[in-house]
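S.K.: Here is what each chain is made of, one letter per residue.
Number of protein chains: 6
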Amino acid sequence: MATVTLLSDEEVSADALAVFDDIRATRGTEYINNFWRALAHDPVMLRATWDRLKHVMAPGMLDPLVKEMIYVAVSTANGCEYCVHSHTAAASAKGMSPQMHTELLAVIGMAAQTNALATALQVPVDPAFDPNS
Amino acid sequence: MATVTLLSDEEVSADALAVFDDIRATRGTEYINNFWRALAHDPVMLRATWDRLKHVMAPGMLDPLVKEMIYVAVSTANGCEYCVHSHTAAASAKGMSPQMHTELLAVIGMAAQTNALATALQVPVDPAFDPNS
Amino acid sequence: MATVTLLSDEEVSADALAVFDDIRATRGTEYINNFWRALAHDPVMLRATWDRLKHVMAPGMLDPLVKEMIYVAVSTANGCEYCVHSHTAAASAKGMSPQMHTELLAVIGMAAQTNALATALQVPVDPAFDPNS
Amino acid sequence: MATVTLLSDEEVSADALAVFDDIRATRGTEYINNFWRALAHDPVMLRATWDRLKHVMAPGMLDPLVKEMIYVAVSTANGCEYCVHSHTAAASAKGMSPQMHTELLAVIGMAAQTNALATALQVPVDPAFDPNS
Amino acid sequence: MATVTLLSDEEVSADALAVFDDIRATRGTEYINNFWRALAHDPVMLRATWDRLKHVMAPGMLDPLVKEMIYVAVSTANGCEYCVHSHTAAASAKGMSPQMHTELLAVIGMAAQTNALATALQVPVDPAFDPNS
Amino acid sequence: MATVTLLSDEEVSADALAVFDDIRATRGTEYINNFWRALAHDPVMLRATWDRLKHVMAPGMLDPLVKEMIYVAVSTANGCEYCVHSHTAAASAKGMSPQMHTELLAVIGMAAQTNALATALQVPVDPAFDPNS
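Residue numbers (our numbering), protein chains in the order written: chain A, 1 to 133; chain B, 1 to 133; chain C, 1 to 133; chain D, 1 to 133; chain E, 1 to 133; chain F, 1 to 133.
Fair warning: there could be bad hints in the mix.
Copies of one chain are not kept apart here, so a pair can be met inside one copy or by any two copies together.
No more than 20 Å apart at the CA atoms, straight line, and that leaves these computed lysine to any residue pairs for SDA-like [what the hints assert, rightly or not]: (1) K54 to Q99; (2) K94 to A58; (3) K94 to A128; (4) K94 to N132; (5) K54 to S97; (6) K54 to M100; (7) K94 to D126; (8) K54 to F20; (9) K94 to P127; (10) K94 to R24; (11) K94 to G28; (12) K54 to D21; (13) K54 to W36; (14) K94 to P131; (15) K54 to T102; (16) K94 to D130.
These are computed hints drawn from the structure, not numbers from a lab.
Work out the full structure, taking the sequences as your base and the hints as a guide.
M.R.: Below is the structure:
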């Protein structure tokens with residue numbers, strides 16, 4: 001269960017529905033996933049979040065699939081069940097093959113391990129890593 | 001300060017020095033960064049960590065730069081100061097431009113925000129995300 | 001499922017039942033939520049946790065509703081599903097309106113995003129933030 | 001050290017300088033803290049982050065001091081050194097007394113403890129917490 | 001639901017089945033838990049993870065039960081539902097009594113609380129903690 | 001720098017000094033570490049934290065050294081720099097040898113890695129882990 005209700009198209013405000021329309025047009029599907037239906041209680045936050053997400057995840061110097069895999073990595077480290085599922089599905093839809101998924105998992109696992117070791121050891125940062133050096 | 005001493009080449013065991021040699025040969029530099037000098041107290045863990053890291057970060061379906069950016073993303077979410085520095089430097093060395101860094105940061109920030117919102121809202125996972133559906 | 005059984009009134013020790021009685025009297029309800037029933041395997045920890053919680057969450061310089069919203073914020077950042085639910089419900093019971101909930105979520109999301117950015121950028125702390133300056 | 005340089009007023013773009021101007025006008029101070037100087041490498045993210053922050057932290061159903069304390073709580077749970085400092089300073093500037101700080105800390109500590117216990121016990125969510133019940 | 005399918009013995013590769021065989025022989029049970037069935041999509045990662053786990057969790061200066069309790073502690077702090085369950089069960093199978101479980105929980109809760117307080121207070125590390133002092 | 005001042009013996013209240021006295025007597029040293037000097041702004045929280053800590057870390061079914069190592073594990077996963085240092089030092093003072101430290105690190109690293117993998121894979125909990133099964 002969510003801590004708020006998931007709003008149907010009939011229940012949301014006109015402002016929220018306009019965001020739903022943009023999500024549908026951008027993604028080329030009628031389906032609006034639960035995250036947006038929960039967020040629709042606050043049309044201003046819904047709009048701000050969607051607009052920024054659309055901008056951030058658009059093709060740029062990094063391609064959208066790479067961005068989705070980075071999103072999965074952050075979501076995993078933050079322990080967000082919903083986000084792991086939604087962005088793994090999004091990455092697959094954008095072309096992530098099972099082999100690419102496997103490599104993504106391997107990097108995530110490796111990073112988590114060495115993050116823990118570096119923190120437990122309190123390794124001092126090498127001066128060589130200074131971007132100004 | 002670290003919770004252990006950082007071992008010089010003269011202080012490490014022969015097994016650890018062999019790992020240092022492989023790091024140097026693989027990376028084409030004499031420099032051994034502090035993480036490995038801290039880990040060298042346990043030559044078995046040093047060897048296991050380096051061997052797995054070398055394998056995981058090698059070119060595959062994902063290119064090494066993408067893997068480094070994923071590493072930065074995980075390290076950020078885990079709050080590992082050392083790892084953020086070392087892998088941002090590694091990504092730059094592998095060709096991450098300032099513009100790519102900027103996009104990486106934007107995705108990390110976006111993911112952190114929606115991770116928090118999805119968790120606070122306890123949004124239920126959409127059945128549509130099921131890889132078996 | 002829990003990693004321990006949830007103890008009924010009949011199953012707990014006299015010491016644990018005394019804590020249940022205090023919870024009931026303090027909250028004005030017969031209902032004991034699952035957290036306390038799981039914790040009741042250790043009457044000493046149950047007592048210590050409840051006594052401290054009752055003290056910490058009591059009216060002070062901050063009112064109880066503000067304290068509940070802070071509790072929701074921490075629970076979200078820590079990814080505790082149970083605690084997000086229990087303290088969102090508690091905040092609502094203490095008067096958190098849907099609009100207040102929305103503002104709480106907006107701050108949580110904003111903080112999560114800038115936390116990630118500040119960590120990824122490893123921004124040095126401004127001397128101006130020193131409470132002794 | 002940061003993973004990017006901190007940009008002076010002379011080094012930022014016109015778009016970034018316009019954001020700095022708005023920060024100065026909004027806060028009534030000439031001082032621009034390091035976070036914004038690091039973020040200024042990406043004027044679009046700088047603008048998006050500042051505009052959203054200004055909106056989210058403005059007076060609403062929750063007063064700005066309560067919002068700052070929630071920000072401190074999230075930043076603590078996320079382990080963001082920079083953000084703990086900057087938002088503790090901001091909360092103090094907005095009127096958080098030492099006694100209020102103390103109560104904030106007590107709630108943060110209490111929440112962290114029960115978050116860990118609930119997670120270790122994997123306590124199932126009570127149906128009574130359902131907002132639709 | 002998982003983000004990948006859980007592979008049966010009939011569906012895994014010969015390399016993966018060899019790892020399953022070693023898990024069965026090492027643990028003295030036919031049962032392969034879901035984690036390994038999910039990981040089996042990548043026989044190389046399955047092998048690397050299992051081999052390292054078997055080595056790390058074997059009797060050494062610390063006994064296996066102590067290691068399992070440390071594993072539960074980390075898994076709790078990282079918010080990994082699966083791992084809390086699997087390693088609590090493993091600890092119980094290795095002799096963790098309810099009283100030991102209770103003490104483990106008390107330490108985890110205490111640590112989480114003081115971790116949060118030390119972070120919120122940004123307490124500077126005492127020079128006395130320096131292992132070289 | 002801390003977000004509060006570190007209080008000297010001369011600056012703390014009589015109630016706080018009484019806690020310092022108990023810390024000194026219990027530990028057999030005159031030295032009071034920074035954590036308690038920061039916490040002393042709130043004598044009630046100082047007392048509650050110290051009393052509970054003393055109880056929790058006392059010999060029980062688990063010996064004090066095992067408890068300290070569990071504390072280090074949680075502190076690492078929570079990314080608390082201060083706590084990693086203070087409890088690694090405490091564990092060493094209680095008899096943790098370099099070899100034991102190495103094994104502790106290996107378990108922490110292993111757990112962090114499999115925590116991340118289980119979360120990224122969203123592995124469903126095996127019914128066999130049910131303590132009531």
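S.K.: Now look at each hint and say whether the structure bears it out.
M.R.: Checked hints:
1. K54 to Q99: between (27 Å within a copy, 18 Å between copies)
2. K94 to A58: within (12 Å within a copy, 23 Å between copies)
3. K94 to A128: between (37 Å within a copy, 15 Å between copies)
4. K94 to N132: between (37 Å within a copy, 17 Å between copies)
5. K54 to S97: neither (23 Å within a copy, 22 Å between copies)
6. K54 to M100: between (24 Å within a copy, 17 Å between copies)
7. K94 to D126: between (38 Å within a copy, 18 Å between copies)
8. K54 to F20: So K54 and F20 pass the 20 Å test inside one copy only (13 Å; across, 25 Å).
9. K94 to P127: between (39 Å within a copy, 19 Å between copies)
10. K94 to R24: within (16 Å within a copy, 37 Å between copies)
11. K94 to G28: Within one copy only: 13 Å inside a chain, 36 Å across chains, cut-off 20 Å.
12. K54 to D21: within (13 Å within a copy, 27 Å between copies)
13. K54 to W36: within (13 Å within a copy, 23 Å between copies)
14. K94 to P131: The answer is between: 14 Å across copies meets 20 Å, while 33 Å in one copy does not.
15. K54 to T102: Answer is between: at 16 Å across copies they meet the 20 Å cutoff, but 27 Å inside does not.
16. K94 to D130: Result: close only across copies, 16 Å inter versus 35 Å intra.
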